[in-house]
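Visitor: With the hints as a guide, bring both chains together as one complex.
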Amino acid sequence: MLDGRGSIRRRSGARLWLSAAWLTVFVLAALLAPLISPHDPLAQDLMLGRLPPAWIAGAEPGYWLGTDSLGRDVLSRIIHGARIALVVALIAGTATCLLGSVLGLVAGFYRGWADRLISRLVDIWMAFPPVLFAILLIAVLGTGLTSVILAIVIIDWTRFCRVVRAETLNQSKMDYVHSAKVAGFTRLRTLATEILPNVLPTIIALLTLEMGIAVIVEAILSFVNLSISTDQPTWGGMIAEGRTSIHQAWWVLVFPLIALFLTVLSFAQFGDGLRERFDPVLR
Amino acid sequence: MADNRADNIFEVSDLRVDVADMTRKPLFGPAPRLEILKGISFTIPRGAVLGIVGGSGSGKTTLGRTMVRLAEPSGGRMLFDGHDIAHLSDAAMRPLRPRIQMIFQDPLSSLNPRLTVGRTVAAPLNARANDPRVGEALEHVGLPANFARRYPHELSGGQRQRVGIARAIAMRPEFILADEIVSGLDVSSQAQVLMLLEKLVAELGLTLAFISHDLSVIRRLCSRVIVLRSGEIVEDAATVDLFERPQHAYTRELLDAIPTPDPSVRW
Ligand SMILES: Nc1ncnc2c1ncn2[C@@H]1O[C@H](COP(=O)(O)OP(=O)(O)OP(=O)(O)O)[C@@H](O)[C@H]1O
Ligand SMILES: [Mg+2]
Chain L
1 MLDGRGSIRR RSGARLWLSA AWLTVFVLAA LLAPLISPHD PLAQDLMLGR LPPAWIAGAE
61 PGYWLGTDSL GRDVLSRIIH GARIALVVAL IAGTATCLLG SVLGLVAGFY RGWADRLISR
121 LVDIWMAFPP VLFAILLIAV LGTGLTSVIL AIVIIDWTRF CRVVRAETLN QSKMDYVHSA
181 KVAGFTRLRT LATEILPNVL PTIIALLTLE MGIAVIVEAI LSFVNLSIST DQPTWGGMIA
241 EGRTSIHQAW WVLVFPLIAL FLTVLSFAQF GDGLRERFDP VLR
Chain U
1 MADNRADNIF EVSDLRVDVA DMTRKPLFGP APRLEILKGI SFTIPRGAVL GIVGGSGSGK
61 TTLGRTMVRL AEPSGGRMLF DGHDIAHLSD AAMRPLRPRI QMIFQDPLSS LNPRLTVGRT
121 VAAPLNARAN DPRVGEALEH VGLPANFARR YPHELSGGQR QRVGIARAIA MRPEFILADE
181 IVSGLDVSSQ AQVLMLLEKL VAELGLTLAF ISHDLSVIRR LCSRVIVLRS GEIVEDAATV
241 DLFERPQHAY TRELLDAIPT PDPSVRW
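Chains as they are written, first to last, in our numbering: chain L, 1 to 283; chain U, 1 to 267.
Do not take every clue at face value.
[What the hints assert, rightly or not] With a straight-line Cα cutoff of 20 Å, these simulated EDC-like cross-link-like pairs (lysine to aspartate or glutamate) come out:
{"hint": "1", "chain 1": "U", "residue 1": "K38", "chain 2": "U", "residue 2": "D236"}
{"hint": "2", "chain 1": "L", "residue 1": "K173", "chain 2": "U", "residue 2": "D106"}
{"hint": "3", "chain 1": "L", "residue 1": "K173", "chain 2": "U", "residue 2": "E72"}
{"hint": "4", "chain 1": "L", "residue 1": "K181", "chain 2": "U", "residue 2": "E232"}
{"hint": "5", "chain 1": "L", "residue 1": "K173", "chain 2": "L", "residue 2": "D123"}
{"hint": "6", "chain 1": "U", "residue 1": "K38", "chain 2": "U", "residue 2": "E72"}
{"hint": "7", "chain 1": "L", "residue 1": "K181", "chain 2": "U", "residue 2": "D214"}
{"hint": "8", "chain 1": "L", "residue 1": "K181", "chain 2": "U", "residue 2": "E72"}
{"hint": "9", "chain 1": "U", "residue 1": "K199", "chain 2": "U", "residue 2": "E180"}
{"hint": "10", "chain 1": "L", "residue 1": "K181", "chain 2": "U", "residue 2": "D106"}
{"hint": "11", "chain 1": "U", "residue 1": "K38", "chain 2": "U", "residue 2": "D18"}
{"hint": "12", "chain 1": "L", "residue 1": "K181", "chain 2": "U", "residue 2": "D84"}
{"hint": "13", "chain 1": "U", "residue 1": "K38", "chain 2": "U", "residue 2": "E232"}
{"hint": "14", "chain 1": "L", "residue 1": "K173", "chain 2": "U", "residue 2": "D90"}
{"hint": "15", "chain 1": "L", "residue 1": "K173", "chain 2": "U", "residue 2": "E180"}
{"hint": "16", "chain 1": "U", "residue 1": "K38", "chain 2": "U", "residue 2": "D84"}
{"hint": "17", "chain 1": "U", "residue 1": "K38", "chain 2": "U", "residue 2": "E11"}
If you are wondering where the hints come from, they were derived from the structure by calculation, not from laboratory data.
If we strip away everything but chain U, and leave its shape as in the complex, we get (with noise of 0.2 Å):
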């Protein structure tokens, strides 16, 4: 690895986002900050494969959207390879950009309907529809060269969440966000998709963050858990620990609602 280049990817420490409480708003004067993140912290090292579980509302979107920075967070420090882009204005984080991607959980909305598939992956790299990358992109993912030509609308789920991943491999990025990618496929699709981001991973020296509610997921991928909860990371270990021996009594709680095959067997 290039001596200019941080071990760690991501250092996240005391990551805190708040959003005005419109709720509570007085009818004059400014609405009460609600915090989302209270403090959050933690690091992804170069090559790593992040799980981020936690319940519904415990502020998984929102500490993705924040790390890719489509929202800034009210405090706390955000290294990206070294660059703190918790501040960054949507200049000076342009030049950053194609090394940070994020594949969105809804395919059909996160891809524009009326654009090709091709023009999809082509437009961030500056490109056209018949690049040679766009091919490559899309034989990387398992579609067909000609699904170039298609519409989203004329794909499956399975087949459009896969162009959202071809559009992010496209760039060639060093880091990947996952939100909740495969919570809207069926379970064979969802299985594919899983196999595709492995050997993704593995082929292209990439550094996943995986978000999902799905424990089950999350131990077939990750080589490492942070679980969230109401905004506060409860507990961050290594996957087999983690499943194995979870010491915070929210992350037994989560694993115990695994659906197993006989539900007297315990994970």
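This is chain L alone, in the form it adopts within the complex (with noise of 0.2 Å):
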């Protein structure tokens, strides 16, 4: 007899890997890349301007993913990039989670005033369109680094906020919790110890895919020149330059949009792959 079930056990299993092993690249990459990267991203040579990659007629050897209209190499450009999309990731990424969800929570558990004032800074946050609001906050800030994080941070809480605050409603009127009151929990040990790891799944998932954001807001604001100084590798500075040139040398357009496609996918797929593997209710 044929059994569904054991299919998409397989398939997200594999979904789960398949995502993993490219954010271990992605992650080794970042780690290793003065090591790795066969040039210096920064090295310009006018007479290697836009080189093909290797498997295309014309192409220099040792220039595997070609050069950009300046003569620097394009792969070691791609892993240098992935210094900055990993530190925005994890920064950002973390820093929003534990800001948004820590609201959320708090929010959701305790209700009354903190409620009301959560709620409505989110719903005033939310009034504001995130773009132009990250281009508004890195005029104020400043361009670098410290400011896009910030910048990623004070926009995206309320992603976490709204969903966590959510969940935190619906599991705070489950019987588990007015069986830890009945228990004797004071009302913190029972956030913490009962309701947080009901809503853990949730803020799990939220997070690899707010790295996946994270990662693709930095490169937006290097696609329009707000991020970090032109001088250090970006993938939304490659792709902005490459855009110039597309008609004449398309990969360097091209290498690093995939890269930062399969970044952003692989931390959707990979939150959601973990969520089916250790969450003991799905699992």
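Guide: As structure tokens, then:
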């Protein structure tokens, strides 16, 4: 007899491992960039401008993914670009998650004036178009890695707050919460040991999603030249530069775009995969 | 029995509970209050098993939640072992909590889905899941000790309800309130859980308040019964008397509703 459950589980396993594999490549590339990149990502050589990738006629050996119009090695720039993407994903993702989740847990569990205050803040925040908000913030904070991370945290905490608050509200109505009260748990203990384990799967899925989003936001800001200074390669910056020569040298645009796409996709899939594998209720 | 303990574990007098009636709330101003319990008085002697019966919506759950102070009454007194707990704050109530436990109607929702059975039973004891008291409590309710590693969704309905009971008795409480704990179970697990409760009451010297709308269950378990109708006690009698000589028309109505094998035979 056919049993569908087996195949579903296998597919989610593949999803987890494939995304984990790409994320490992991504993290290793970022950590070991100076050791493994074949060229200096900033070295220009106008004689070597717009070399195509290795498998296309006219390529130079050693420039696997070709060069941009200034003769800089695309592969090396992608590898170095992973560093900023990783820093932004980890720091901005985690900080956003912490801020939003704590506020969401407090609002959903304690209700009262804390909930009213936090919910109104979220409403106000949601009324700003996020991209405009980001550009405005960077204009105020100035460009640079710290400003980018700050901007992401300031804009995106509402994403966590809303979902975590709703989930906390749901969980708070369950009898196991009443049962904790009957057992004599303090409110804080109930929140930390009874409700949090039930909201955590949602938080983790959101966290990995947010890491992907942080990478995109950084790329968008680089694209409009508002991110990190231009002497440090970033994927968004590369995409912006590649756009101007898309007809003569498509590889300058396409390869960082693929790296960006795979990374964002992997973060989201990794979160879902983790949840399916380690959540005792879904497992 | 020690002298400093009251003979009655619960003494409830003129207990009132009301809620805001949102259906009749005017556009401006506060909603009118809706009385759910309208002055209830009864006592539970130490070691007794009290049945609380009544039709749907009569206020049984409200009474139970108020007794374990998940809700605060709007009036009246409620003495637990001599302390008036009717209006105690959460913090003031906490030291008394281990002595007053509750078993919930829906065992799935009353067990944390992401904690193992062991952790659920151990947490109120501030112990680890491998604490001997956990295994002991599980054994008491007839579950193998290795169930401590299972999650609630890996258990049957009857087993879950046993975990709920194990959690309550692990604290060695003096009083347990059970709200419709067998109504979600099939007949054979009902019988098992009832047998278990009978055994535990005898072994542990518990005082039990057993809420049910099923009089046949009450008859089996309880020594005394109070009958509730729309927030008022209409009859308060020893079980034998209640079944032999029901005083109130509403009680007779409830008794008539019990299905008997032969419809012509009355209780
Ligand atoms: N929060 C509330 N707001 C308004 N009315 C309420 C509220 N809670 C309970 N009630 C009402 O109070 C009455 C008693 O409810 P309760 O849940 O105590 O009944 P019950 O005897 O447990 O019934 P059942 O046998 O169906 O469980 C019902 O009429 C119910 O509609
Ligand atoms: Mg009820």
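Visitor: Are the hints correct? Go through all of them and say.
Guide: Hints and how they fare:
1. The straight-line distance between the Cα atoms of K38(U) and D236(U) is roughly 16 Å, inside the 20 Å bound, and the hint therefore holds.
2. Between K173(L) and D106(U), the direct Cα distance comes to roughly 13 Å. Compliance with the 20 Å bound is thereby established for this hinted pair.
3. Distance restraint check for K173(L) and E72(U): the Cα-Cα separation of roughly 17 Å lies within the 20 Å cut-off, and the hinted pair is therefore satisfied.
4. The straight-line distance between the Cα atoms of K181(L) and E232(U) is roughly 27 Å, outside the 20 Å bound, and the hint therefore fails.
5. Distance restraint check for K173(L) and D123(L): the Cα-Cα separation of roughly 24 Å exceeds the 20 Å cut-off, and the hinted pair is therefore not satisfied.
6. For the hint linking K38(U) to E72(U), the alpha-carbon distance of about 14 Å falls within 20 Å, and the restraint holds.
7. As the CA atoms of K181(L) and D214(U) are separated by approximately 28 Å, the hinted pair breaks the 20 Å bound.
8. Between K181(L) and E72(U) the CA atoms are separated by roughly 14 Å; this keeps the pair inside 20 Å, and the hint holds.
9. This hinted pair checks out: K199(U) and E180(U) have alpha carbons roughly 18 Å apart, not beyond 20 Å.
10. With a C-alpha separation of about 16 Å, the suggested pair K181(L) and D106(U) falls inside the 20 Å cut-off, and the hint holds.
11. With a C-alpha separation of about 8 Å, the suggested pair K38(U) and D18(U) falls inside the 20 Å cut-off, and the hint holds.
12. Proximity of K181(L) to D84(U) is assessed by CA-CA distance (about 19 Å); at most 20 Å being required, the pair is judged to hold.
13. Proximity of K38(U) to E232(U) is assessed by CA-CA distance (about 6 Å); at most 20 Å being required, the pair is judged to hold.
14. Restraint check: the Cα-Cα separation between K173(L) and D90(U) comes to about 18 Å, which is no more than 20 Å; the hinted pair holds.
15. A C-alpha spacing of about 19 Å is found between K173(L) and E180(U), which places the hinted pair at or below 20 Å, so the restraint holds.
16. Taking the CA atoms of K38(U) and D84(U), the gap is near 19 Å; set against the 20 Å cutoff, the hint holds.
17. Annotation: proposed proximity of K38(U) to E11(U) holds, straight-line Cα distance about 16 Å (limit 20 Å).
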